[in-house]
Amino acid sequence: MSSLAPVIVLIEDESEIRRFVRAALEDEACVVHEAATMAAGLVEAGTRKPDLVILDLGLPDGDGVTLVQDLRKWSGVPILILSARASEQDKILALDAGADDYLAKPFGVGELLARVRAMLRRRMQAKDLGAVVNFGQIRLDFGQRLVERNGASIHLTPIEYRLLTALIASAGGVITHRQLLREVWGPSHSDSNHYLRIFVGQLRQKIEIDPAQPKHILTETGVGYRFQL
Amino acid sequence: MELITRRAQQTKVQQNYMLAILACVLTALLAGLLSHHVDLANIVMIFLLAVFLISVKLGRGPGVMATFLSVALFDFFFVPPKLSFTVNDFQYLLTFAVMFAVALITGQLAARLSLEAELSRQREEKTRALYDMARELTAVLKLDEVDVVSSKFLSSVAGLHGVLLFADEQNVLSPVKPSKVWYEAHIAHAACHNAKTVDGRYVVAETDGVYYFPLIGSGGVRGVLVVELPIDLQPMDEALRELLMTMVSMLAAVVERLHYGQAVQASEMNIASERLRSSILSALSHDLRTPLTVLVGMVDSLLLSKPELTIKQKELAATVHNQAMRLNHMVTNLLDMARLHTGNINMRKSWQPLEEVIGASIQLLGDSLARHPVTVKLAADLPLLEFDEILLERVFCNLLENAAKYSPLDSPITISAELVADDVLISVIDHGPGVAETRLENIFRIFVRGDAESTSHISGTGIGLAVCKAIVEAHGGSMQVNNQPNGGACFSFSLPLGNPPVLDLAILQGGAT
Numbered sequence: 001m002s003s004l005a006p007v008i009v010l011i012e013d014e015s016e017i018r019r020f021v022r023a024a025l026e027d028e029a030c031v032v033h034e035a036a037t038m039a040a041g042l043v044e045a046g047t048r049k050p051d052l053v054i055l056d057l058g059l060p061d062g063d064g065v066t067l068v069q070d071l072r073k074w075s076g077v078p079i080l081i082l083s084a085r086a087s088e089q090d091k092i093l094a095l096d097a098g099a100d101d102y103l104a105k106p107f108g109v110g111e112l113l114a115r116v117r118a119m120l121r122r123r124m125q126a127k128d129l130g131a132v133v134n135f136g137q138i139r140l141d142f143g144q145r146l147v148e149r150n151g152a153s154i155h156l157t158p159i160e161y162r163l164l165t166a167l168i169a170s171a172g173g174v175i176t177h178r179q180l181l182r183e184v185w186g187p188s189h190s191d192s193n194h195y196l197r198i199f200v201g202q203l204r205q206k207i208e209i210d211p212a213q214p215k216h217i218l219t220e221t222g223v224g225y226r227f228q229l
Numbered sequence: 230m231e232l233i234t235r236r237a238q239q240t241k242v243q244q245n246y247m248l249a250i251l252a253c254v255l256t257a258l259l260a261g262l263l264s265h266h267v268d269l270a271n272i273v274m275i276f277l278l279a280v281f282l283i284s285v286k287l288g289r290g291p292g293v294m295a296t297f298l299s300v301a302l303f304d305f306f307f308v309p310p311k312l313s314f315t316v317n318d319f320q321y322l323l324t325f326a327v328m329f330a331v332a333l334i335t336g337q338l339a340a341r342l343s344l345e346a347e348l349s350r351q352r353e354e355k356t357r358a359l360y361d362m363a364r365e366l367t368a369v370l371k372l373d374e375v376d377v378v379s380s381k382f383l384s385s386v387a388g389l390h391g392v393l394l395f396a397d398e399q400n401v402l403s404p405v406k407p408s409k410v411w412y413e414a415h416i417a418h419a420a421c422h423n424a425k426t427v428d429g430r431y432v433v434a435e436t437d438g439v440y441y442f443p444l445i446g447s448g449g450v451r452g453v454l455v456v457e458l459p460i461d462l463q464p465m466d467e468a469l470r471e472l473l474m475t476m477v478s479m480l481a482a483v484v485e486r487l488h489y490g491q492a493v494q495a496s497e498m499n500i501a502s503e504r505l506r507s508s509i510l511s512a513l514s515h516d517l518r519t520p521l522t523v524l525v526g527m528v529d530s531l532l533l534s535k536p537e538l539t540i541k542q543k544e545l546a547a548t549v550h551n552q553a554m555r556l557n558h559m560v561t562n563l564l565d566m567a568r569l570h571t572g573n574i575n576m577r578k579s580w581q582p583l584e585e586v587i588g589a590s591i592q593l594l595g596d597s598l599a600r601h602p603v604t605v606k607l608a609a610d611l612p613l614l615e616f617d618e619i620l621l622e623r624v625f626c627n628l629l630e631n632a633a634k635y636s637p638l639d640s641p642i643t644i645s646a647e648l649v650a651d652d653v654l655i656s657v658i659d660h661g662p663g664v665a666e667t668r669l670e671n672i673f674r675i676f677v678r679g680d681a682e683s684t685s686h687i688s689g690t691g692i693g694l695a696v697c698k699a700i701v702e703a704h705g706g707s708m709q710v711n712n713q714p715n716g717g718a719c720f721s722f723s724l725p726l727g728n729p730p731v732l733d734l735a736i737l738q739g740g741a742t
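Chains X and U, in that order, are what the protein sequence lines are.
This note's numbering numbers the first residue of the first sequence as 1 and each following residue consecutively.
This note's numbering numbers the first residue of the second sequence as 230 and each following residue consecutively.
Hints should not be assumed to be uniformly reliable.
DSS-like cross-link-like pairs, simulated, lysine-lysine; straight-line CA separation at most 30 Å [unchecked claim]: (1) U:Lys-355 <-> U:Lys-286; (2) U:Lys-241 <-> U:Lys-355; (3) U:Lys-355 <-> U:Lys-381; (4) U:Lys-606 <-> X:Lys-215; (5) X:Lys-206 <-> U:Lys-606; (6) U:Lys-578 <-> X:Lys-215; (7) U:Lys-541 <-> U:Lys-634; (8) U:Lys-355 <-> U:Lys-371; (9) U:Lys-241 <-> U:Lys-286; (10) U:Lys-578 <-> X:Lys-206; (11) U:Lys-634 <-> U:Lys-606; (12) U:Lys-409 <-> U:Lys-371; (13) U:Lys-241 <-> X:Lys-215; (14) U:Lys-406 <-> U:Lys-241; (15) U:Lys-406 <-> U:Lys-371.
Here are some chain X residues the structure puts well away from chain U; computed CB gaps all over 12 Å [stated by the list, open to error]: (16) Pro-6; (17) Glu-34; (18) Leu-42; (19) Asp-51; (20) Thr-66; (21) Arg-72; (22) Arg-123; (23) Arg-139; (24) Arg-149; (25) Glu-183; (26) Pro-187.
Chain X stretches covered by chain U per the calculated footprint, using a threshold of three residues with CB under 8 Å from any CB of chain U [claimed, not checked]: (27) 12 to 25; (28) 218 to 229.
Calculated directly from the structure, the hints in this document are not laboratory data.
Quick caveat: nothing in here was measured; it's all calculated off a predicted structure.
Cβ coordinates follow ideal geometry from the N, Cα and C atoms, glycine included.
Input sequences plus hints: build the corresponding full structure.
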């Protein structure tokens, strides 16, 4: 195998799910290492130098959230969570613990590959987006702290600006309400959830074409937001 | 060992007087035998000793009687002239007076001492009995055991009969087990529910020698102790009343402890059964979703496999994919319904704008709404609303899916929200055939669909609308359906405004750029 092929560790207890996920990823020229338990997964993640870890939250031998925490102690590898819809809270815990994105079961292969590509791309770029970011009608110049829509400068309050930059930095993954609150207001405001939602609403008014059906700041209901460039 | 009842006391008093007379007579006989060998002064001493002992042993009254009797006997049998009350020598009058005074005073002192000793013994017995009862009560685990302990105490300490009454859920007082003690239910009820205090003490109701003591705990009246008092003990004396009051307050404390213990146990059982239910539901959810995930994943892999499938094969595979996803929606609805029905739904309400969850629902449905342009019309003055976003997303998804399913392709769907009195009224309007009049009423009932005739080609269980209604009602709102004048169904629901949090303008404005 080429040394440039992305290495992916897949931790999932259902062999049938592992089978098709592996097949799909190998078609994308990835190298896949499988693990059926948390303990084995931790070993694989520690020895294979993966570019991405795909982790099922419902493992038989323990809490997936603990694995995320353990992994984050020594690695910044992107983590994609697989979870059933019923476990919103586990999902949030895993994301807050450092996982980057999640996929609700059942998921299509197309969806899975799109997430994997976005996360691998993000790893390549290593969050270095450059001084200027363009998305939709918006152009954001980090150096000059300037935001333009269709070439005309638009006014963002300092909080809106911080919110937008935090969202852009999370592109390619999901950012939870708590993480956003911490980034924008600091740790002491992690309970003023409704302010966050009001500001996101205001920001959408300024940068989205139809704020009620946004194309960039997408809502991950009950979890947080997903920013799409 | 027991507080002597009054009748027994009377017979005992009579006996004591008889004994006193007998003792005096015996003393006189003894003195007569000795009279040839001893002085009259020593005869007096023998009588004084006798009076003293009688006072100690038999009490104050017999002591006084013995004093008189002794002086009389001494005069009659020993003072010359013998066998006569007349006295030759006047100095004997002084002897009588001194003898009388000494006998009376020493006798009374002795009697009082022994009475006090007796009283303190009785007090000690009561204290010990109360202590024993308290010790027994600490081990009590059930209400009927409290009744047993209290009956035992009443009969052993005061020879009384009593019964404990406790209120059930309907507030009806009844004994824990049948009892021979007679009581009037309405007085017991009044004692329990209208317990009154006078000078900080609870009034004890009394009729026909039956006393009703309310069991007052810190959390209210816990029951009533009914005590039957025999006629000879009526009216109840203060000492007995005090004793019973003490007993009742101890009983109340125990009953209260049992009550809270039961409440804790009940809530623990509730929590345990809820935990079980929720773990069954989440296991079910996991078990159903795993094969669905495999199904969707496998058929997708088939679609993407090389060499490429023929168009017909692709269509078949796409159908399998869509059906599996539909099955997933159904599983979600069924599990939500089960959670809502068992009251097991974990609401995570927070204050938020409505706009966001509507946008998220439209985004989530994605392709299913591709042929139905959705217009969102929200009133400008909508405040923040308090709801569980995941549940409300289910409502919007189900309503939008329904609207898309039952209306012709490319017909628009409108979502609107406006303030109506103390609610926000949210409507989802389509341009389909509307809901048949006959179905309008029960369309939210589980497994009821729209017009069976005209929509028989559309699949669905009708569970979606039932889930919507249950979620809306869990938020304190209500759900309706009506047909638009120009055709099309309008499903609308209300959410109460509540008390939105006050927003800090300084935070909102966040300074200048």
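Evaluated hints:
1. Taken as a hint, the Lys-355 of chain U and Lys-286 of chain U pair is honoured in the structure, with Cα atoms around 23 Å apart against an allowance of 30 Å.
2. Distance hint between Lys-241 of chain U and Lys-355 of chain U is fulfilled; the C-alpha atoms sit about 22 Å from each other, no more than 30 Å.
3. Proposed proximity of Lys-355 of chain U and Lys-381 of chain U is supported: the alpha carbons are some 13 Å apart, at most 30 Å.
4. With a CA separation close to 18 Å, the supplied pair Lys-606 of chain U and Lys-215 of chain X stays within the 30 Å bound.
5. Annotation: proposed proximity of Lys-206 of chain X to Lys-606 of chain U holds, straight-line Cα distance about 18 Å (limit 30 Å).
6. For a cut-off of 30 Å, the pair hint linking Lys-578 of chain U to Lys-215 of chain X stands: about 26 Å separates their Cα positions.
7. Restraint check for Lys-541 of chain U and Lys-634 of chain U: the C-alpha separation of about 25 Å stays at or below 30 Å, so the hint holds.
8. Distance restraint check for Lys-355 of chain U and Lys-371 of chain U: the Cα-Cα separation of roughly 25 Å lies within the 30 Å cut-off, and the hinted pair is therefore satisfied.
9. Taking the CA atoms of Lys-241 of chain U and Lys-286 of chain U, the gap is near 12 Å; set against the 30 Å cutoff, the hint holds.
10. At roughly 27 Å between alpha-carbon atoms, Lys-578 of chain U and Lys-206 of chain X fall within 30 Å of each other, so this suggested pair holds.
11. The straight-line distance between the Cα atoms of Lys-634 of chain U and Lys-606 of chain U is roughly 21 Å, inside the 30 Å bound, and the hint therefore holds.
12. Of the pairs offered as hints, the one joining Lys-409 of chain U and Lys-371 of chain U holds, with about 21 Å between alpha carbons and a cut-off of 30 Å not exceeded.
13. Taking the CA atoms of Lys-241 of chain U and Lys-215 of chain X, the gap is near 104 Å; set against the 30 Å cutoff, the hint is violated.
14. Our distance criterion of 30 Å between C-alpha atoms is broken by Lys-406 of chain U and Lys-241 of chain U, whose separation comes to about 37 Å.
15. Distance hint between Lys-406 of chain U and Lys-371 of chain U is fulfilled; the C-alpha atoms sit about 12 Å from each other, no more than 30 Å.
16. Every CB of chain U is more than 12 Å from the CB of Pro-6 of chain X (nearest about 18 Å), matching its label as outside the interface.
17. Residue-level check passed: Glu-34 of chain X sits 15 Å from the nearest beta carbon of chain U, beyond 12 Å.
18. With a least CB separation of 22 Å from chain U, Leu-42 of chain X remains clear of the 12 Å interface cut-off, as annotated.
19. At roughly 22 Å from the closest C-beta of chain U, the C-beta of Asp-51 of chain X stays outside 12 Å, upholding its exclusion from the interface.
20. With a minimum CB-CB distance of about 18 Å to chain U, Thr-66 of chain X clears the 12 Å threshold, and the non-interface call stands.
21. Under the 12 Å C-beta cut-off, the non-interface status given to Arg-72 of chain X relative to chain U holds; the minimum distance is some 25 Å.
22. For Arg-123 of chain X, the non-interface assignment is confirmed: its Cβ lies about 24 Å from the closest Cβ of chain U, beyond the 12 Å cut-off.
23. Residue placement check: Arg-139 of chain X keeps its beta carbon more than 12 Å from all beta carbons of chain U (closest about 16 Å).
24. With a cut of 12 Å on Cβ distances, Arg-149 of chain X stays outside the contact zone with chain U, its closest approach being about 15 Å.
25. A cut-off of 12 Å between C-beta atoms confirms that Glu-183 of chain X is not in contact with chain U; the least separation is 14 Å.
26. Pro-187 of chain X, annotated as away from the interface, keeps every beta carbon of chain U farther than 12 Å; the closest lies near 16 Å.
27. Remark: the region 12 to 25 of chain X is confirmed as covered by chain U, as 7 of its residues place a Cβ nearer than 8 Å to a Cβ of that chain, reaching the required three.
28. Counting residues of the region 218 to 229 of chain X whose C-beta lies closer than 8 Å to any C-beta of chain U gives 5; at least three are required, and the coverage claim holds.
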